[in-house]
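2 protein chains.
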Amino acid sequence: MQTEKERTDHLSCDTCGRRFEPGEVEMTCPDCGPGLGTLTVHYPYEAIARELTRETLASRGEPSHWRYLEILPVSERPGALHPRVGWTPLYELPALARSVGCARLFVKDDGLNPSASFKDRASSVGVARALQAGQAVISAASTGNAASSVSLFAACAGLRCVIFVPQGAPEAKLAQLLMFGAEVLAVRGSYDQAFDLCLEACGRQGWYCRNTAVNPYLGEGKKTAALEICEQLDFDPPDAVVVSVGDGCIIGGLWKGFCDFQRLGLIERLPRVYGVQAAGAAPLVAAFERGARAVEQTVEARTLADSICVGRPRDHIKALRAVRESGGAMLAVEDEEILEAMRRLAREAGVFAEPAGATGFAGLCRMSREGLVGRDERAVVLVTGNGLKDVQTAIRAVERKPQAIDADLPALERYLAGLVPGG
Amino acid sequence: MQTEKERTDHLSCDTCGRRFEPGEVEMTCPDCGPGLGTLTVHYPYEAIARELTRETLASRGEPSHWRYLEILPVSERPGALHPRVGWTPLYELPALARSVGCARLFVKDDGLNPSASFKDRASSVGVARALQAGQAVISAASTGNAASSVSLFAACAGLRCVIFVPQGAPEAKLAQLLMFGAEVLAVRGSYDQAFDLCLEACGRQGWYCRNTAVNPYLGEGKKTAALEICEQLDFDPPDAVVVSVGDGCIIGGLWKGFCDFQRLGLIERLPRVYGVQAAGAAPLVAAFERGARAVEQTVEARTLADSICVGRPRDHIKALRAVRESGGAMLAVEDEEILEAMRRLAREAGVFAEPAGATGFAGLCRMSREGLVGRDERAVVLVTGNGLKDVQTAIRAVERKPQAIDADLPALERYLAGLVPGG
Numbered sequence: 004m005q006t007e008k009e010r011t012d013h014l015s016c017d018t019c020g021r022r023f024e025p026g027e028v029e030m031t032c033p034d035c036g037p038g039l040g041t042l043t044v045h046y047p048y049e050a051i052a053r054e055l056t057r058e059t060l061a062s063r064g065e066p067s068h069w070r071y072l073e074i075l076p077v078s079e080r081p082g083a084l085h086p087r088v089g090w091t092p093l094y095e096l097p098a099l100a101r102s103v104g105c106a107r108l109f110v111k112d113d114g115l116n117p118s119a120s121f122k123d124r125a126s127s128v129g130v131a132r133a134l135q136a137g138q139a140v141i142s143a144a145s146t147g148n149a150a151s152s153v154s155l156f157a158a159c160a161g162l163r164c165v166i167f168v169p170q171g172a173p174e175a176k177l178a179q180l181l182m183f184g185a186e187v188l189a190v191r192g193s194y195d196q197a198f199d200l201c202l203e204a205c206g207r208q209g210w211y212c213r214n215t216a217v218n219p220y221l222g223e224g225k226k227t228a229a230l231e232i233c234e235q236l237d238f239d240p241p242d243a244v245v246v247s248v249g250d251g252c253i254i255g256g257l258w259k260g261f262c263d264f265q266r267l268g269l270i271e272r273l274p275r276v277y278g279v280q281a282a283g284a285a286p287l288v289a290a291f292e293r294g295a296r297a298v299e300q301t302v303e304a305r306t307l308a309d310s311i312c313v314g315r316p317r318d319h320i321k322a323l324r325a326v327r328e329s330g331g332a333m334l335a336v337e338d339e340e341i342l343e344a345m346r347r348l349a350r351e352a353g354v355f356a357e358p359a360g361a362t363g364f365a366g367l368c369r370m371s372r373e374g375l376v377g378r379d380e381r382a383v384v385l386v387t388g389n390g391l392k393d394v395q396t397a398i399r400a401v402e403r404k405p406q407a408i409d410a411d412l413p414a415l416e417r418y419l420a421g422l423v424p425g426g
Numbered sequence: 004m005q006t007e008k009e010r011t012d013h014l015s016c017d018t019c020g021r022r023f024e025p026g027e028v029e030m031t032c033p034d035c036g037p038g039l040g041t042l043t044v045h046y047p048y049e050a051i052a053r054e055l056t057r058e059t060l061a062s063r064g065e066p067s068h069w070r071y072l073e074i075l076p077v078s079e080r081p082g083a084l085h086p087r088v089g090w091t092p093l094y095e096l097p098a099l100a101r102s103v104g105c106a107r108l109f110v111k112d113d114g115l116n117p118s119a120s121f122k123d124r125a126s127s128v129g130v131a132r133a134l135q136a137g138q139a140v141i142s143a144a145s146t147g148n149a150a151s152s153v154s155l156f157a158a159c160a161g162l163r164c165v166i167f168v169p170q171g172a173p174e175a176k177l178a179q180l181l182m183f184g185a186e187v188l189a190v191r192g193s194y195d196q197a198f199d200l201c202l203e204a205c206g207r208q209g210w211y212c213r214n215t216a217v218n219p220y221l222g223e224g225k226k227t228a229a230l231e232i233c234e235q236l237d238f239d240p241p242d243a244v245v246v247s248v249g250d251g252c253i254i255g256g257l258w259k260g261f262c263d264f265q266r267l268g269l270i271e272r273l274p275r276v277y278g279v280q281a282a283g284a285a286p287l288v289a290a291f292e293r294g295a296r297a298v299e300q301t302v303e304a305r306t307l308a309d310s311i312c313v314g315r316p317r318d319h320i321k322a323l324r325a326v327r328e329s330g331g332a333m334l335a336v337e338d339e340e341i342l343e344a345m346r347r348l349a350r351e352a353g354v355f356a357e358p359a360g361a362t363g364f365a366g367l368c369r370m371s372r373e374g375l376v377g378r379d380e381r382a383v384v385l386v387t388g389n390g391l392k393d394v395q396t397a398i399r400a401v402e403r404k405p406q407a408i409d410a411d412l413p414a415l416e417r418y419l420a421g422l423v424p425g426g
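Protein chains in written order, with the working numbering: chain C, 4 to 426; chain A, 4 to 426.
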């Protein structure tokens, strides 16, 4: 399953540090197992630093994350993958910065990816690797953004896509996958059982596995958001980067991106990265506060932010390492703070986010109250998914309802004069 | 309500041709009234042709429709409007081209705009004009994409936004507007009554009116999709451009864009433009087939493609003129063809479209059967809205359902061997 022209140099185990040549292992370290033995991808940075400079990047017209091909685990820009992924906008929001209390505030809207979530960064890389390896089937266990995203890219690439979901997953969540032609297997059991069956199936059937954390190359796709942030800020990274956390892959990927750019000499310093979990699904916050390097106990997760409703985070090692190494933190916010963040992002930034997408901003608001971000600092908040993914929660978030009025001008004028009672 | 630095040269009535200086009229020709007296915006093309060349455009980094500022009715790029509108991807789809039977086929995905529809092009221009004129309130009658779009841009600009909807509009459709902080007035009456009350209110209260057709500047925003198509195809326009039609504003705007670029010498020839309506809401098709230049009768509209479910098209004059002048046509497709187009766009192009968004592609499929597009021709289909806007219809469009299986490998293997009955 090795690619012809492998850009990577080697892999290393996140727990024992063991080094693997490209192609030597598939997914995780055989000594440490899938729970602790997630792998990190390394490149020949010195050689790449000569090719990938601020100047060469400036000359690239490509408005997608394939502009960073030299540090992606894909031999060439995948021509069969049409959808434009990445290079999402970074909005500066002076009014929000004032109200939060930092010098400058930017929001990166990853809801504008092809399947309307950040996960497209990882899925596009996963499908590209499956194609390069000549595989015909890609599989994942997910009910959410990762599944719809991999379905989209598999459809474009002509790969068969098998998605494992727990039985009872809401039909609306499945509509997008089914539209993209994925085969959806509703497993009689929990999400964890669906996940384990998917892993077994990939092993037995030789399918390409697009499961969070166990596939080390997905994080390489996720890191591109960090690279874009650097480039969009003229290679002067912010002081703090804040993002919601479920399995921990996104925050791990972001940190990897900043570190890669520093190793290439493209940025001089690194930001602090902060992970925000919903209080009802915060095993990484608990582990961070205990000083642990891994999550040892699965919690029963409960939050309205379904995309981060994770009781057993699969990329815990990388996530905890990212916040510790960077000098950031893991913190938790209540569901009410998430709803408030959704309203503020919509009204003050024009960004309609799904609950998990707004959780990073909820975290920044709390950080500013707790002094974790300074008045002279610059912060970037990542919005990971579009609010259209979960309209029901948006309805719950809005406090104002439509006002009924009669179809004539006097009725309107009474309303405008404040004379119409609430509808 | 005139802007300080007006880029436009004059306006002309679409019916009587009367010429108006900028600022002389607000919305429509006083002689012909709002039904027939829609206006067309003209620029000082000769002067602009010196500034706006292929070379100056190539040097613009701006990945948004503000790159065409010289031929937009806005004095400067609106800094307060953060959201990145336009410059949506144009995907080439060789396999779909072969199956449709044309030489090259491109899909422009306008579902990747900030509020997930094409309408952002118009709303961003409308809000910019309201701001320039110093107005504090913008208003529209709509339950759909135009409303959520104007709510978004009004929120970013700090304008009060009043939306008129007919009572009974589905809550999910309203969630996005309410999130953006719009005031939603549910009028006890039909959509037409809500529209008329909105027009009256704008007149009486002095609010800025963002209503389709009656505001001539909205089409100027819509034309930018045509400009982008030209630029993305290296100024060699396609032979045919196909788009869904409800009120007729988008097709009118597109045609204006192609004509503007031709007048500026940026393209040498014009494409034929084709408008596609749902068979149950096709008053423009009927008028086209009758050879009429206007729609005379309101029909009772019925189609699952809610964004084009229009019985009384407000921009009929421009829409009919666009297809006639260009040598194109108006045609109708059945709802079943729209559902099939949704599936094909998703599975073969990775584009998840709302029903109206896929209607243009359904039209192209029919055109190819009827010989309206040649085997040696290049066609562009515009996708006007994201499928996440209407998940219920997507559920209806998918023919395959999830397959229930037990949570063990033998059960999976029985399924893969084709031994599991349909779930």
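Simulated from the structure, these hints should not be mistaken for lab results.
It is possible that part of the hints are untrue.
You can't tell identical chains apart in this list, so a pair holds if it fits in one copy or across any two.
Calculated pairs, DMTMM-like style, for lysine to aspartate or glutamate (alpha carbon to alpha carbon, straight line, at most 25 Å) [what the hints assert, rightly or not]:
id, residue 1, residue 2
1, Lys404, Glu373
2, Lys176, Asp338
3, Lys404, Glu340
4, Lys176, Asp12
5, Lys176, Glu339
6, Lys176, Glu29
7, Lys404, Glu186
8, Lys176, Glu186
9, Lys176, Glu27
10, Lys404, Asp239
11, Lys404, Glu271
12, Lys176, Asp199
13, Lys404, Glu343
14, Lys176, Asp411
15, Lys176, Glu73
16, Lys176, Glu234
17, Lys176, Glu292
18, Lys176, Glu380
19, Lys404, Glu351
20, Lys176, Glu343
21, Lys404, Glu79
22, Lys404, Asp199
23, Lys176, Glu373
24, Lys404, Glu234
Predicted, not measured: the structure shown is a model, and the values here were computed from it.
Hints versus structure:
1. In this assembly of identical chains, Lys404 and Glu373 lie within 25 Å of each other by CA distance neither inside one copy nor across copies; the values are 33 Å within and 48 Å between.
2. Both within a single protomer and between protomers do Lys176 and Asp338 lie at most 25 Å apart by alpha-carbon distance, with minima of 21 Å and 23 Å respectively.
3. Taking CA atoms no more than 25 Å apart as the test, Lys404 paired with Glu340 passes inside one copy only; the shortest distance there is 20 Å, against 36 Å between copies.
4. For the homomeric pair Lys176 and Asp12, neither the shortest alpha-carbon distance inside one copy (38 Å) nor that between copies (50 Å) is at most 25 Å.
5. In the homo-oligomer, the alpha carbons of Lys176 and Glu339 lie at most 25 Å apart both inside one protomer (23 Å) and across protomers (23 Å), since each shortest distance falls under that limit.
6. Taking CA atoms no more than 25 Å apart as the test, Lys176 paired with Glu29 passes in neither setting, with 30 Å inside one copy and 45 Å between copies.
7. With identical chains, the CA atoms of Lys404 and Glu186 are at most 25 Å apart between copies only, with a shortest distance of 8 Å across copies and 39 Å within one.
8. Within a single copy, Lys176 and Glu186 get their C-alpha atoms as close as 14 Å, which meets the 25 Å cut-off; across copies the closest is 29 Å, which misses it.
9. In the homo-oligomer, the alpha carbons of Lys176 and Glu27 never lie at most 25 Å apart, since the shortest distance is 37 Å inside one protomer and 51 Å across protomers.
10. For the identical chains of this complex, Lys404 and Asp239 are neighbours neither inside a copy (43 Å) nor across copies (49 Å), given an alpha-carbon limit of 25 Å.
11. Proximity of Lys404 and Glu271 under a CA criterion of 25 Å is satisfied in neither setting, with 49 Å inside one chain copy and 51 Å between copies.
12. In the homo-oligomer, the alpha carbons of Lys176 and Asp199 lie at most 25 Å apart inside one protomer (21 Å), although the nearest pairing across protomers, at 38 Å, exceeds that limit.
13. In the homo-oligomer, the alpha carbons of Lys404 and Glu343 lie at most 25 Å apart inside one protomer (16 Å), although the nearest pairing across protomers, at 36 Å, exceeds that limit.
14. For the homomeric pair Lys176 and Asp411, the shortest alpha-carbon distance between copies (24 Å) is at most 25 Å, but the shortest distance inside one copy (41 Å) is not.
15. For the identical chains of this complex, Lys176 and Glu73 are neighbours neither inside a copy (35 Å) nor across copies (43 Å), given an alpha-carbon limit of 25 Å.
16. Within a single copy, Lys176 and Glu234 get their C-alpha atoms no closer than 34 Å, and across copies no closer than 37 Å, so neither meets the 25 Å cut-off.
17. Neither within a single protomer nor between protomers do Lys176 and Glu292 lie at most 25 Å apart by alpha-carbon distance, with minima of 34 Å and 42 Å respectively.
18. Taking the closest pair of Cα atoms, Lys176 and Glu380 never come within 25 Å of each other, the shortest separation being 38 Å inside a single copy and 38 Å across copies.
19. For a Cα distance limit of 25 Å, the shortest separation of Lys404 from Glu351 inside one copy, 19 Å, qualifies, whereas the shortest one across copies, 40 Å, does not.
20. For a Cα distance limit of 25 Å, the shortest separation of Lys176 from Glu343 qualifies both inside one copy, at 24 Å, and across copies, at 20 Å.
21. In this homomeric assembly, Lys404 and Glu79 never come within 25 Å of each other (Cα to Cα): the closest approach is 51 Å inside a single copy and 35 Å across copies.
22. In this homomeric assembly, Lys404 and Asp199 come within 25 Å of each other (Cα to Cα) only across copies, at 22 Å, whereas the closest approach inside a single copy is 44 Å.
23. For a Cα distance limit of 25 Å, the shortest separation of Lys176 from Glu373 qualifies neither inside one copy, at 36 Å, nor across copies, at 37 Å.
24. With identical chains, the CA atoms of Lys404 and Glu234 are never at most 25 Å apart, being 41 Å at best within one copy and 43 Å at best between copies.
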